[in-house]
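> Given the coordinates of chain W, assemble chain D onto it according to the supplied hints.
Here the protein sequences line up with chains W and D, keeping their order.
Mapping the first sequence onto my numbering, position 65 (from 1) lands on 65, and the numbers just tick up by one.
Mapping the second sequence onto my numbering, position 573 (from 1) lands on 573, and the numbers just tick up by one.
It is worth saying that the hints were derived from the structure and are not from the lab.
Beta carbons: idealized from backbone N, C-alpha and C, even for Gly.
Some hints here could point you the wrong way.
[What the hints assert, rightly or not] Pair by pair, the computed Cβ-Cβ distance ranges are:
# : chain 1 : residue 1 : chain 2 : residue 2 : range
1 : D       : Trp24     : W       : Ile70     : 52 to 62 Å
2 : W       : Gly26     : D       : Met328    : 41 to 51 Å
3 : D       : Ile490    : W       : Glu9      : 21 to 31 Å
4 : W       : Gln135    : D       : Ile490    : 32 to 42 Å
5 : D       : Ser585    : W       : Gln135    : 13 to 23 Å
[To be verified] Partial list, computed: chain D residues near chain W (C-beta under 7 Å):
#  : residue
6  : Ile37
7  : Thr41
8  : Val181
9  : Phe184
10 : Val185
11 : Arg191
12 : Gly194
13 : Pro219
14 : Phe234
15 : Gly235
Each chain, letter by letter, is given below.
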Amino acid sequence: MSDHAHALETSTGLDSRKLAIWTFIGSECMFFASLISTYVVYRNKSLVGPFPHEAWVSPAGQHFEPIIEIPLVTAGTAVLLFSSFFVVLALYGAQRGNRKMMIGWLGATILCGFFFIGMQVYEFTHFVHKGLTLQTNLFGASFFTLTGFHGTHVTIGVIWLITMFILALRGQLPPENSINLEMAALYWHFVDVVWVVIFPVVYLMK
Amino acid sequence: MATTVVGQETHAAGAAYGEKTGLWSWLTTVDHKRIGILYGTTAFCFFLLGGLEALLIRFQLVKANNTLVSPDFYNQLFTMHGTTMIFLAIMPLSAMFFNFMIPLMIGARDVAFPRLNAFSYWVFLLGGLFLNVSFLFGAAPNQGWFGYANLTSRQYSPGPNVDFWLMGLQILGVASLAAAVNFFVTIMNLRAPGMKLMRMPMFCWMSFITQVLLLLAFPVITVALIMLMFDRFFGTHFFVPSGGGDPILWQHLFWIFGHPEVYILIMPAFGIISEILPVFSRKPLFGYAAMVFSGVFIAFIGFGVWSHHMFSTGMGPIADTFFALATMLIAIPTGVKIFNWIGTIWGGSIQYKTPMYFALAFIAMFIMGGLSGVMHAVAPHDLQQTDTYFVVAHFHYVMFGGSIFALTAGAYYWWPKMFGRMLDERLGKIHFWLMFIGFNVTFFPMHFLGLLGQPRRTYTYQAGLGFDWLNQLETVGAVILFFAFLTFLINVIKTWRRPATAPADPWNGATLEWSLPSPPQEWNFAEVPVVHSRDPLWERKRERGGPLPEPLRVSGQGIHLPAPSFWPAVAAVGVMGLFLGIMLSPKVGPWAIFVGVSVLFFGVFNWIFEPSYTSIPGVGGRPRAGHH
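So here's chain W without its partners, still in its complex pose:
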């Protein structure tokens, strides 16, 4: 947060903190690549049901219910994608000293984040209610692990954005410090992009 950090010249011309976030994101790609690969390998290898996209026989063996609720998750996905747009507008405001714009769009981004987390909490409890848990089968284990760790990243992103929101409210995020928001925004975009991969792989892939 030191203003001196800006004054230092760097070999690449990029701010070191921004480069650090990009580096970290590169590393995170491997993290999610491993989780997604595991999911792809295991999704249809369960010894017992439920399987993704198949009807799920209840313990009584009487009726069939689909497990994944595509409309709900699509709504969550749309909201998350819009939030990436909102955080761009917030950053646009921050860089031009438009505090009102920054605070407004930042607030909208955070609300989107909460909506997504809420969607996931609902989805998880719904699944557990239907009898799909971490322990049920390989599908359950790899599904909850993959989407759960994505949700954890969303949560950390929301905490980060709330911190920025508080700074913005206090007037401690002037245009020359907008890189702080830019870092949070980069991370937020990454979390969204990962979901763009997870969504078709987990919810749409037959």
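Just chain D now, with coordinates in the frame of chain W:
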């Protein structure tokens, strides 16, 4: 902000800022040089511990049907020996040189994120203690350093042993990742003016490649460990066949990490050797560009060969062929490196100082390890050798004959820069010969033992199989190695009693760190150096005729140094609490996790929002480098 000042005031500022001592100053230090020393000291202690474990293994195997230690304790010994040497000795010893040397060599005042750097160290220390504290409970990890499923499942490893291992590695992963981001950015961004990428010292280049490997390899083992953790604590079946899980998936994930990890261990060694050979041959490094690109190439292919650790799992002929060929391909850039090293020595006026002894031994020993590596790449050959002592011989020739010899060379080479004292040459040579002979006596017979069929990780063996005398010979070698490192310790203690009088440039060095006093001031460079060539110091000496450089630019600015901070250490404790919490009972665990995460956030928030720099007024202007 102060401007150019020389002489007395420079000294006064130094006294005010740089010469704090005592425990608190070490706990709060964010100076990359002091963190480097912390890394080195800690890692050397772990190295001795790992060596002690190896010695016990050798004493157990000194005769047939020996019962010096119990079978279970023996399992703990070889598991902890491997884990300790890889994660707590070689990696952090490399990190010592990253920390101390990279900023000096690229002409930077500090690393990009000094407090993140301190955080990395404290997390590493706590992770190392976490792993080793398990001995006190008689429950040290006992499943092998590779943690193969499903030996690591609850069913076959019910105790906390594997839990200590997997939580310890997760903690160490946090430290490695933080350090890798830091050094990646440092090397990318903080190079002195004129130091283009293709002018960087080779040690910085190889370290840079190491950081990339760390960044891309560690997340994979993080995921593997998470799944193992879920299997053990939450009843999932990722690696449990009875639930449909596949133990081979563990091996794939582990070795996608594990093979690049081998290059993480050896790349810094390549860098150290590439620094030492030119200086003691009085010739620039031969084939600089080829050295850089062969390093990049090795790292690149290194990600595509993981399954050569898995030939015996039955992957099928196509996969076996692919991985065999990819593995043999690595011999090409490695050969390029070795020929370039030989080209560097060729026709040079060689000075046989201790660092040069170790560097030359590195080349010979590493070639041997590399050649037995190519033997393993031949899949049918590997099927005969796998899980025998032949494999043990191979990786000790690479890891000990390679990494440890190079790190020791680096220690003798940079010791004067780090501590202001020259290590004793005579003791250094004794150290070298003891280590060289001890190493070969210990590990060369392992090739024969392997071919005779002695399995690795074996607790004991029957008499009359022809194993006895070779094992005895190896144990003698291990004792010689013990005395080798004792000699090093004696050398260090003896040297420590002398005053710090090492010259700034004892070896006629080529790189920027030798333009600074030994040890360097807290602010490294009073003037930011400007670089025009690959061997900036040699160039300056040539141009100016004098033994030491002159400042090339007067910046006219005061110096900003990162302020000491204890928040990184606090945040590190939070990381520890988080992983400890997962291990504890369901009653206490969640609370420990909650407290750990809270402390982590508290620490991180405080370190982000505290002022991060202090100015040293009155420092600047001409460097003191030339006056010592």
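> Okay, tryptophan 24 of chain D versus isoleucine 70 of chain W on CB: inside 52 to 62 Å?
Once the Cβ atoms are compared, 58 Å apart, the range 52 to 62 Å for isoleucine 70 of chain W and tryptophan 24 of chain D holds.
> Please check whether arginine 191 of chain D passes as an interface residue: C-beta within 7 Å of a C-beta belonging to chain W.
Holds, because the Cβ-Cβ distance from arginine 191 of chain D to chain W comes to roughly 4 Å (cut-off 7 Å).
> Should the interface hint for phenylalanine 184 of chain D be scored as holding, given a Cβ-Cβ cut-off of 7 Å against chain W?
holds (5 Å)
> With a cut-off of 7 Å, does the beta carbon of valine 185 of chain D approach a beta carbon of chain W closely enough for the hint to hold?
This interface hint holds because 5 Å falls under the 7 Å limit.
> Return holds or violated for the Cβ distance of isoleucine 490 of chain D and glutamate 9 of chain W against the range 21 to 31 Å.
violated (46 Å)
> Confirm or reject the claim that glycine 26 of chain W and methionine 328 of chain D have a C-beta distance inside 41 to 51 Å.
violated (29 Å)
> Tell me if the beta carbons of glutamine 135 of chain W and isoleucine 490 of chain D are separated by a distance inside 32 to 42 Å.
Cβ of glutamine 135 of chain W to Cβ of isoleucine 490 of chain D: about 57 Å, so the range 32 to 42 Å is violated.
> Does the CB of glycine 235 of chain D sit less than 7 Å away from some CB of chain W?
With a closest approach of 4 Å, the glycine 235 of chain D hint holds.
> May I ask you to test the interface hint for phenylalanine 234 of chain D with respect to chain W, counting a Cβ-Cβ separation under 7 Å as satisfied?
holds (5 Å)
> Between serine 585 of chain D and glutamine 135 of chain W, does the beta-carbon spacing fit 13 to 23 Å?
Holds, at about 19 Å.
> Double-check valine 181 of chain D for me: the hint is only fine if its C-beta lies closer than 7 Å to a C-beta in chain W.
Result: holds, 5 Å to nearest chain W Cβ.
> Please check whether isoleucine 37 of chain D passes as an interface residue: C-beta within 7 Å of a C-beta belonging to chain W.
violated (24 Å)
Of the numbered hints given earlier, the model fails hints 2, 3, 4, 6, 7, 12; all others are met.
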